[in-house]
Amino acid sequence: MAYDKFNILKTTAVPLPIENVDTDQIIPARFLKATERKGFGDNLFRDWRYNPDNSPKEDFVLNNPTFSGKILVGGKNFGSGSSREHAAWAVYDYGFRCVVSSFFADIFKNNCLNIGVLPVQVSAPFLEKIFEAIYADPKTELVVNLPEQTITLTTTGESESFDINDYKKDNMLNGFDDIDYLLNIKENIREFAEDTPL
Amino acid sequence: MKKTLFDKVWDSHVVHKIENGPDVLFIDRHMVHEVTSPVAFLGLKSRGIPVMYPGRTFATADHNTPTINQHLPVKDPLSANQLKALEENSKAHGISYWGLGHEKNGIVHVVGPEYGITQPGATIVCGDSHTSTHGAFGAIAFGIGTSEVEMVLATQCIMQQKAKSMRINVNGKLSKGVTPKDVALYVISKLTTSGATGYFVEYAGDVFRNMTMEGRMTVCNLSIEMGARGGMIAPDEKTFEYIKGREFTPVGADWDKAMEYWKTLKTDEGASFDKEITFDAADIEPMITYGTNPGMGIGISNGIPQAESVEGGVATYKKSLQYMAFNEGDNMIGKPIDFVFLGSCTNGRIEDFRAFASIVKGRKKADNVTAWLVPGSHKVESAIKEEGILDILQEAGFELREPGCSACLAMNDDKVPAGKYAVSTSNRNFEGRQGPGSRTLLASPLVAAAAAVTGKVTDPRELMQEELV
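From first to last, the protein sequence lines are chains A and B.
With our numbering, the residue at position 60 of the first sequence is 60, and numbering never jumps.
With our numbering, the residue at position 312 of the second sequence is 1312, and numbering never jumps.
These aren't lab readings, by the way, just hints derived from the structure by calculation.
Just so it is clear, the structure is predicted and the values come from calculations on it, not from any experiment.
Watch out, some of these pointers could steer you wrong.
[Said to hold, decoys possible] Cross-link-like lysine-lysine pairs, in silico, DSS-like; alpha carbons within 27 Å at most:
hint: 1; chain 1: A; residue 1: K76; chain 2: B; residue 2: K1162
hint: 2; chain 1: A; residue 1: K129; chain 2: B; residue 2: K1318
hint: 3; chain 1: B; residue 1: K1415; chain 2: B; residue 2: K1176
hint: 4; chain 1: B; residue 1: K1379; chain 2: B; residue 2: K1238
hint: 5; chain 1: B; residue 1: K1379; chain 2: B; residue 2: K1415
hint: 6; chain 1: A; residue 1: K57; chain 2: B; residue 2: K1415
hint: 7; chain 1: B; residue 1: K1017; chain 2: A; residue 2: K169
hint: 8; chain 1: B; residue 1: K1318; chain 2: A; residue 2: K76
hint: 9; chain 1: A; residue 1: K38; chain 2: B; residue 2: K1379
hint: 10; chain 1: A; residue 1: K129; chain 2: A; residue 2: K139
hint: 11; chain 1: B; residue 1: K1190; chain 2: A; residue 2: K186
hint: 12; chain 1: B; residue 1: K1318; chain 2: A; residue 2: K5
hint: 13; chain 1: A; residue 1: K76; chain 2: B; residue 2: K1238
hint: 14; chain 1: B; residue 1: K1238; chain 2: A; residue 2: K33
hint: 15; chain 1: A; residue 1: K33; chain 2: B; residue 2: K1075
hint: 16; chain 1: A; residue 1: K38; chain 2: B; residue 2: K1190
hint: 17; chain 1: A; residue 1: K76; chain 2: B; residue 2: K1190
hint: 18; chain 1: A; residue 1: K33; chain 2: B; residue 2: K1456
hint: 19; chain 1: A; residue 1: K169; chain 2: A; residue 2: K70
hint: 20; chain 1: A; residue 1: K70; chain 2: A; residue 2: K186
[As the list claims (entries may be wrong)] To spell it out: a stretch of chain B is covered by chain A in this simulated footprint if at least three of its residues, at any positions, have a beta carbon under 8 Å from a beta carbon of chain A; those stretches are:
hint: 21; stretch: 1046 to 1056
hint: 22; stretch: 1081 to 1092
hint: 23; stretch: 1141 to 1148
hint: 24; stretch: 1172 to 1183
hint: 25; stretch: 1391 to 1400
hint: 26; stretch: 1438 to 1446
We put the beta carbon where it would ideally sit given N, CA and C, even for glycine.
Hey, can you work out the whole structure from these sequences and the hints?
See the structure below:
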């Protein structure tokens, strides 16, 4: 499915300075029962965000109107655990277009790239600076520049570059997906399959 | 060029290489279940394309299925709807479907090997992170997201960059009461929950050589819990013996030809790994976790580490202990527990039930414990009955449930209530994993059994008879 193009994103950000945020926190398993890809944002961080009686937990960042924006900034090893793409869908559906961390779990990172959410890996010191800047002034904006592969703190002008392979970058810039690519080389695949017995 | 086992299998499946991009990797066998596949099938529908090779995909229902009264209609309408979608999608696309009630139904990573779908040298994927289980046979097997499930259905390929390689060696002799689960939890506790992220692991050394296939599956299953994409073990006579004669295993001349290839599936002498780590089997004791990720494990006789002594942020560590209502320095032994869960793709195989039964035999389930014993498949369930294990379990006050993922991720009714402690043979102790507010202690079937009969965390070695050493 083609998705939103990503070019330059300038926005405030939501801080979540917790390490090892796993996919069961991002979207608990009991909310994986849909057969369509919609509405997952309502249950993003469900059990951190709501009490068992569904009232909001005041101290959780998504319930704090001070913080908002299209970038989620998480602690080290963000997205560990299950392969559920629902976690990336929930992040997207809530309104985030980019997740920043000093380290990502593999499958979550892939899932994000496959649906047009940009994972930006920064150094641990830069992540600290981002958290400090947001807490000092929640209106602090970040600029994520995909063509240049940089992330910049507008308050101080400090910047860092991030990695993404050329293929995925091109996909993100244009909103292309992998299936289009694969369908294009279907004949090569067919030849390969003929030589590969079941 | 010397190659690792991982190189050999990966390189032989690359259809196309993209410069400064991913490889197009051909997938031999694809397994699907009800939770991560419906949106992939919807994607095919909206593109108006068919499944390219339906014979290479296998469907089973496991994640949200009930573990009692499976002959009755599924009560939860959302689960019922997902199961119906899997059945309809499988039928519409000509995919073999082992749904609820089917004699071959069970957890995807238990039935794959049982029926010989899992084979050495194959590439195997599934929309489930514990697909790494199949690596026990020398396959490259890993979990994928739903977008990738759609790719495999549509083109039998996915696009991924080749992972870095890591070899983990464990040598020596395991002590009494130390099982494959303990080996895995020990390794994860040393590497942390992200220590192998970006790597594909090969397990080597005499501890894995001497392990049964079931034990190797437990180890490979848990690879993802240290962040690894997958884990694999070179196939040997034990592997070939296990798969021979199973439904999807080649026969006759095809078997001979396959064997010729399978015997080449080992890391070349002198091949290099991006990272190599070696452990001594003698350092491992029965393990238990005390926190909210699988890396937070200790030998059962130890105390909970001080925040300052662990890697990572102190605040995250303290938050984790607060959730568990444990304190730094607490001893694990003697902590009261409420639930015991034996099952899952990690420890829901016949050997796990044999181990559990060896401890509870002649004893009684503790009154304060609710125990859920859930076989990984109908085949495991039958073996439990045929081997007389069911009688031992019932005599000790336990009941056997029907197969499924069950309380491992608590998508069905098998939920541990808020604040309660469960000793669980599954794979994740994340906050709320086994039900909102639940507290999970991951451990082996032996530790689970010891907890089930004593009502608290107990060293299983104290309950083991000498002949079981």
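Numbered hints the structure breaks, given as an ascending list: 3, 9, 11, 12, 13, 14, 16, 18, 20, 24, 25, 26
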